[in-house]
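*Asks:* Using the supplied hints, reconstruct the complex from the two chains, each of which is provided in its own coordinate frame.
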Amino acid sequence: MDFTFNEEQKMIIDGARRYAREKLAPVAAELDEKAEVNLKALKELGALGYLGMTVPEEYDGSNAGAVAYAASIIEFSKADAGAAVAVSVQNSLVNDAILEFGTEKQKREYLPKLVSGEWIGCFSLTEANAGSDPGSLRAAAVKDGDHFELSGTKNFTTNGGIADVMIVFFQTDKEKGARGISAFLLKTDIPGFKVGKHENKMGIRSSSTTEMVFDKCRVPADSLLSAENKGLKVALATLDGGRIGIAAQAVGIAEAALEEAVRYSKERVQFGNRIAELEGLQFMLADMATEVEVARTMLLRVAWMKESHTQKFMKEAAMIKLYASEMSHRVCHKALQIHGGYGFMKEYKIERLYRDQRITEIYEGTSEIQRCVIARSILGE
Amino acid sequence: MNIAVIIRQVPDTEAAVKPHPANQGAIVEDGVKFILNPYDEYAVEEALRITEKDGGEVVGVCIGPQRSETAIRMAMAMGMARAILISDAPAVEADLVTQGGILAAAIKGLSARLILCGREMIDTQNDAAAAVVAHRLGIPHVLAASKIEISGDKATVVRDIEGGSLEIETALPAAISCQKGLNEPRYPTLIAIKRAKNKEIKKMTLAELGLAAAQPKSRVTALRPLQARSAGVKVAGSPEEVAGKCAAWLSETAKVI
Chain A
228 MDFTFNEEQK
238 MIIDGARRYA
248 REKLAPVAAE
258 LDEKAEVNLK
268 ALKELGALGY
278 LGMTVPEEYD
288 GSNAGAVAYA
298 ASIIEFSKAD
308 AGAAVAVSVQ
318 NSLVNDAILE
328 FGTEKQKREY
338 LPKLVSGEWI
348 GCFSLTEANA
358 GSDPGSLRAA
368 AVKDGDHFEL
378 SGTKNFTTNG
388 GIADVMIVFF
398 QTDKEKGARG
408 ISAFLLKTDI
418 PGFKVGKHEN
428 KMGIRSSSTT
438 EMVFDKCRVP
448 ADSLLSAENK
458 GLKVALATLD
468 GGRIGIAAQA
478 VGIAEAALEE
488 AVRYSKERVQ
498 FGNRIAELEG
508 LQFMLADMAT
518 EVEVARTMLL
528 RVAWMKESHT
538 QKFMKEAAMI
548 KLYASEMSHR
558 VCHKALQIHG
568 GYGFMKEYKI
578 ERLYRDQRIT
588 EIYEGTSEIQ
598 RCVIARSILG
608 E
Chain B
6 MNIAVIIRQV
16 PDTEAAVKPH
26 PANQGAIVED
36 GVKFILNPYD
46 EYAVEEALRI
56 TEKDGGEVVG
66 VCIGPQRSET
76 AIRMAMAMGM
86 ARAILISDAP
96 AVEADLVTQG
106 GILAAAIKGL
116 SARLILCGRE
126 MIDTQNDAAA
136 AVVAHRLGIP
146 HVLAASKIEI
156 SGDKATVVRD
166 IEGGSLEIET
176 ALPAAISCQK
186 GLNEPRYPTL
196 IAIKRAKNKE
206 IKKMTLAELG
216 LAAAQPKSRV
226 TALRPLQARS
236 AGVKVAGSPE
246 EVAGKCAAWL
256 SETAKVI
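Protein chains in written order, with the numbering used here: chain A, 228 to 608; chain B, 6 to 262.
Okay, chain B solo, but in the shape it has when bound (with noise of 0.2 Å):
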């Protein structure tokens, strides 16, 4: 069975990410690590357990610049066999819906009867992939998948829920998000890394993929940090002290009684 995965980049979570002061919506990238979604490493890791035990192939599909590749080429040490990399501008910066009908032509040509990615990107928050591309190649989703049994035509996919958990069973092929938890992805091995060099990314276009440049739907007009909240005010004293000077503050500064 062929597995395409869907593969993100984003900045590592320890990097220190600042707004760029000139483009909106967009971060300082010098300095700046960027990895392999983590969650998507949930995804490549499942994708590699099926193939490994069922056969196929796993292939990677990404939209994102140049500097992506790094992405893929890390789950390619883990296992990936091939990717294709988007890397067009209107491609990059369209809106998810339309970027799920980018990801789903490019899919469609890969006999994949699973599609697979991480169940959110850490660095948007982003977590429609998975329906979207379902949606465009009119094929069920499950999202948040933290445990995948595929059978013949079918998959059986647990979804966690608050005080308990979902069991879900879908046809294939399918789009299903994955959900930390699901397994452990493996560490690269140092031979797997010098092989990953050499496999294959073919960078594709929209024209080449049939599909023209639109204009974005939505669009990120601005980021924001979050303002560091001001000192707050100590008091001291006996408990009677601390309880009076509470009471003064609140009736008298902060008027709330």
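Isolated chain A (complex conformation) (with noise of 0.2 Å):
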């Protein structure tokens, strides 16, 4: 069993962090305040390769694997987690959708686009009374001829509003549920689509998430992604390997918070000595250090399944997504513990990272969710 990344993965993972540190963590406050996206930086990631790590070079990918994603991910996270979930997306639910379950002449036409970030794509799943469930959807595409017309109106799509490509799930058969849903590949210059309500989110605000409106947008029948009603697939499938990409968000916004932490309370003096030198300090240091460390070492070995192709993953996925999302969580409280009063202010990071967790417990499948895949799985059902 060999632990290390190998050099190739290294100068990918190092080319990351660089890259996060010069050019997203200088403007991360900036962009949270003004909910802005960094959208030149995701541009730039698209030209060094980093949109398109699981595409094969015969669709102009980088194909570095799912382990040097993960890493990267993790890397982008540490600086500004709004980039780091576009870039999770693009990856791990566009891409990975499309070379999945797309025609040969869907990947001919979208991925290299996709992979050098001259489109961005979303995935356009939840509506505001399903969200869990997706069985419950409303918007609906009705079959006329070799075309569909979608109607309605999807909410919460993270890259809605930078989005060219769009991933979006309908009701094809209402009477079969979550079995007559069906996944189209659509780009956003359609007749009858418009990007609608921008939300004001509590985290993740460099990141765009808007509602997806279709008014009858008449769509040819080849724009549908794998076959009629086999929605729930496309959507299950492609959201274990993005359980992959929020997971590596929720360890990299914990280590940077540790390192937030740690930094902090070297500098604070109280009662005479740095803070650092208490025991129940110390303590609370040990154990987030311990669980990013834990924590960081399965989101690899998940991500290695993933790349290796030898096995089913989607109990370690939702296993990883959970853990490191509610350790993210406990890391960045007592974190912002550690700083006291200032960590409640806009000027310390920790503050931002805190409110950036949150998400990671919620979107691509709530705790509750991974909590049932797992459940399902270990009970055989």
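Among the hints, erroneous ones may be present.
As the list claims (entries may be wrong) - With the Cβ distance kept under 10 Å, some of the chain A side facing chain B (calculated, not the full set):
#, residue
1, E234
2, E235
3, Y246
4, L275
5, Y277
6, M280
7, E284
As the list claims (entries may be wrong) - Using 27 Å as the maximum straight-line C-alpha spacing, the simulated DSSO-like pairs for lysine-lysine come out as follows:
#, chain 1, residue 1, chain 2, residue 2
8, A, K457, A, K493
9, A, K542, A, K460
10, B, K208, A, K237
11, A, K340, A, K460
12, B, K185, A, K267
13, A, K250, B, K152
14, A, K270, B, K202
15, B, K38, A, K493
16, B, K199, A, K340
17, A, K270, B, K58
18, A, K493, B, K185
19, B, K204, B, K38
20, B, K199, A, K334
21, A, K332, A, K460
22, A, K443, A, K414
Treat the hints as calculated values from the structure; they're not laboratory data.
Owing to the predicted nature of the structure, the values given are computational and were not obtained by experimental measurement.
Glycine included, each C-beta is placed from N, C-alpha and C at the ideal position.
*Replies:* Given below as structure tokens:
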């Protein structure tokens, strides 16, 4: 068993770390305040190859693998978790879905432009009344000859406001519930579609989250991604991989919070001593560092499982998403506590990390849904 | 125009470097990450920009232990075509002038019109490479360039000085060391990182370069960290009291007044 990165992975991860420090970190607080996307950085990351990390070279991808991808998302998240989720969505929810379920024509048409960053993609499943339960989608696609007519409103779509490409889920057979939904792969410049409300969020404010509004939007039947009524499988299989990205985001936020806590505890003097010398605080730091290490190690293992294509990783992906996001919650909570009143102030990075962390327990499957997936798996159901 | 770039590997700027307890002048390498000397990145970037515009090949030349290969691969991921690595102990341990001679011997075979390197190594702050190599090759050198323009058989180099800048025209071939601000080194693309591992690193010995191992003329005999300063004396009180206490301390304790 070899736990070391190879030279190529090291260089890719070093490159991500360096880009994050030099280009993401300096503007992260300002973008958070203004709720603006670092689109320039996303385009540059595309040019460097970080938006096509699991795509084979025949579609212009960098094919760096899921392990280097997960470790890179950690680095981006340490600097700007909002930029990191945009990278994660492009890689794991958009590219991977097209790779897995797209026709050769769809792969050739979409992947090279997604990989280069010319096009930004989004994955739109959730609706106002259909979150964890995709069977209750109301947005509907009605077949009309060799076309579908799409109507309805999706919400909470990450990258929605900056997307050129979207993977969107519609009800195609209401009678069948979750077994009657279909995935469509579409450009966002099609008639009848518009971006709706831009959400004003608690965290990851440097990412775009919007409604997606379809009003009698007529699309050819070959826009289907996978077969009609097979959308649930597209959603579930894609989200398995997506969870690695979100777990990596959670680990990155936690690592950053730990670094902030360590630094602050060595600077802050109370009762004549640095607070790092207090045993109560040392125990907090030790627990935080241990939890971060556990999550990081398991995350890379699950990424390796995906990369090696030798085994299913649905249960493990749910486990690491669950563990890493809740671990990140605990670590951010303690890191802010160590900062005392200063941690509550926007001048300190921990304030943003604390807010950014929260969504990792919710999107791409809540912690409760992860527990359902894990329980179902171990009970053999 | 072929360009030779002198590549050096140094400890990461964030590494906590400690003197080796037994090995004089060396550091404890365990747990230390080594990187391409940041100033050498400016040299690689400049070489790539010149050859991308005018054609030619960028070749790295490096004296260093085997681990230097990762620094060379980094330069290759940026775009450097191939490299020569000289790792035999007498070369690695040689003094700077001797190393300049070794580099010159390796560069001779490359038909390079320009030799670039970083203005200094960030670990030892050695900054002699360009000058020594130029001397050994009998060509001109310019140190710490912040701008390089090539036209035909000459280069115009700008060098920042206190309160202004110098513009220097030099014949080619020449050796030029590169200062921060010369350019913004590129981030390697993932595809280039993958291709870098298949590029050629030619390992050469002193014998293969037609050189004999010589005793170093100078060597580092000790490496000492800065001694931590002892805490100062704090005085408190009203301005009058503080002034009085300071005066008393200066005359009675420090005995300087």
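*Asks:* Now tell me, hint by hint, if it's right for this structure.
*Replies:* Hint-by-hint comparison with the structure:
no.: 1; hint: E234; in the structure: 6 Å, holds
no.: 2; hint: E235; in the structure: 6 Å, holds
no.: 3; hint: Y246; in the structure: 6 Å, holds
no.: 4; hint: L275; in the structure: 5 Å, holds
no.: 5; hint: Y277; in the structure: 7 Å, holds
no.: 6; hint: M280; in the structure: 7 Å, holds
no.: 7; hint: E284; in the structure: 7 Å, holds
no.: 8; hint: A:K457 x A:K493; in the structure: 55 Å, violated
no.: 9; hint: A:K542 x A:K460; in the structure: 16 Å, holds
no.: 10; hint: B:K208 x A:K237; in the structure: 23 Å, holds
no.: 11; hint: A:K340 x A:K460; in the structure: 25 Å, holds
no.: 12; hint: B:K185 x A:K267; in the structure: 24 Å, holds
no.: 13; hint: A:K250 x B:K152; in the structure: 24 Å, holds
no.: 14; hint: A:K270 x B:K202; in the structure: 26 Å, holds
no.: 15; hint: B:K38 x A:K493; in the structure: 24 Å, holds
no.: 16; hint: B:K199 x A:K340; in the structure: 20 Å, holds
no.: 17; hint: A:K270 x B:K58; in the structure: 25 Å, holds
no.: 18; hint: A:K493 x B:K185; in the structure: 32 Å, violated
no.: 19; hint: B:K204 x B:K38; in the structure: 23 Å, holds
no.: 20; hint: B:K199 x A:K334; in the structure: 23 Å, holds
no.: 21; hint: A:K332 x A:K460; in the structure: 21 Å, holds
no.: 22; hint: A:K443 x A:K414; in the structure: 15 Å, holds
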